[in-house]
Amino acid sequence: MTAAAVERAHQEHWGRLLALLTRLLGSLDAAEESLQDAYEIALTAWARTGVPDRPDAWLLTAARRRATDRFRREATLARKLPLLAIPEPDEPEVEMSTIPDERLRLLFTCCHPALPAEARIALTLRLLGGLTTAEIARAFLVPEPTMAARITRAKKKIAAAGIPYRVPSDAELPERLAGVLAVLYLVFTEGHSATSGDEPVRHELCDEAIRLARVVMALMPDEPEAAGLLALLLLQHARRDARTGPDGRLVLLPDQDRTRWDAGQIAEGRALLRAAAGRGPAGPYLVQAAIAAEHARAATAADTAWNRIAALYAALEELTGSPVVRLNRAVAVAEVDGPEAGLALLAGVELPGFHLLPATRADLLRRLGRVEEAAAAYAEAIARAGNAADREFLAGRLAGLTAAAG
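For the sequence shown, numbering that gives the first Met the number 0 assigns the number 0 to the initial residue and increments by one for each residue that follows.
Treat the hints loosely; a few may be bogus.
[Unchecked claim] No more than 25 Å apart at the CA atoms, straight line, and that leaves these computed lysine to any residue pairs for SDA-like:
| # | residue 1 | residue 2 |
| --- | --- | --- |
| 1 | K155 | R201 |
| 2 | K154 | F70 |
| 3 | K156 | A116 |
| 4 | K154 | Q10 |
| 5 | K154 | E174 |
Hints were generated in silico from the structure; no laboratory data involved.
When you get a sec, could you build the whole thing from the sequences and use the hints?
Dropping the structure here:
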């Protein structure tokens with residue numbers, strides 16, 4: 000029971016407490032070590048005295064005391080003590096309701112553009128999400144020492160480069176917020192369509208991305224793109240249970256059992272989209288959420304409004320210039336104007352290493368009856384695919400194509 004209470008407190012309060020301690024101590028490492036100690040102490044103390052009414056306040060007090068002990072040993076107490084202001088043991092814990100939420104500072108620090116993309120993702124999951132290094136390593140299928148080194152290098156880069164622990168100015172905010180949202184979307188995308196390994200979906204990454212998107216939305220409620228990202232993630236994740244069959248194989252969107260889609264997440268995503276739509280010009284995440292909403296409102300695959308989806312993808316491509324968007328637009332256009340029109344949009348598109356480009360070409364060529372070209376494209380897609388489920392699905396498509404041709 001105590002362990003469950005500590006785990007619940009970790010999920011609910013880790014990010015906020017770490018962000019506050021980082022500001023107080025001026026060091027990510029010191030804040031993280033002190034907070035980890037506090038949670039370890041709680042396992043024993045709460046078993047003896049019971050779970051406190053305010054676990055967050057108790058943990059903050061314990062962490063600050065541990066920091067004081069550490070700074071005393073390091074002879075830096077005089078510099079840090081005014082910030083820590085530790086109450087004596089018989090004094091009540093600090094009142095958390097009077098302390099500002101510092102998570103935005105920490106989030107913008109973790110996602111600073113001076114850090115490489117892989118480091119931003121790892122730091123965000125470790126420091127804001129509270130995932131252990133081992134959990135992050137497992138999620139991204141890399142050895143734990145490799146992930147630990149990645150996180151350590153990122154922290155050293157923050158210190159060495161003097162990356163400020165603050166929310167960007169109004170002038171910087173649009174670009175910097177886009178970077179934060181991109182990190183969360185990358186986390187979700189890796190969970191939603193795993194690029195390697197045996198599992199096609201990693202639900203723990205999807206859930207963590209949604210949780211962190213809720214944090215950003217709560218802290219920046221007037222930012223339409225923050226709402227757009229959360230809406231997009233909810234609308235996409237609503238299909239999670241229908242995306243694989245009982246045998247673990249991928250099920251394409253047109254073939255999914257839509258009764259298994261999460262109606263609650265769809266309703267929440269559509270409500271967020273409606274609320275954000277009137278706050279100014281739509282950005283990329285709002286447009287993508289609108290596309291996901293079009294799929295969600297179709298009772299059957301045949302009811303899908305592909306003409307509206309194609310128009311939304313055209314608008315998204317104009318906003319982003321992304322070849323991945325062009326790829327998705329080609330799929331939609333093929334549904335409206337036929338596979339030849341879709342293939343025409345893909346002419347000249349290059350996405351090295353991205354298996355969905357040759358896979359899409361293969362499908363359009365198959366529909367046109369160009370069997371040999373389709374078979375070659377499927378083979379290319381299989382060679383590029385890093386996930387076992389993707390390779391198995393594509394191999395099945397290739398086998399079916401050759402069997403029909405024979």
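Worksheet entry | Straight-line alpha-carbon gap K154 to E174, limit 25 Å | holds (22 Å)
Worksheet item: Holds or violated: are the alpha carbons of K154 and Q10 at most 25 Å from each other?
Response: Between K154 and Q10 the Cα gap is close to 22 Å, so the pair holds against 25 Å.
Fill in: Pair hint K156 and A116, alpha-carbon separation not exceeding 25 Å
holds (13 Å)
Item to complete: Given the hint that K155 pairs with R201, test it: the Cα-Cα distance must not exceed 25 Å.
Response: violated (30 Å)
Discussion item. K154 and F70 were given as a pair; does the straight-line alpha-carbon distance stay at or below 25 Å?
Written reply: Roughly 20 Å between the alpha carbons, so the hint for K154 and F70 holds.
In the structure shown, a violation is registered for the earlier hint numbered 1 alone.
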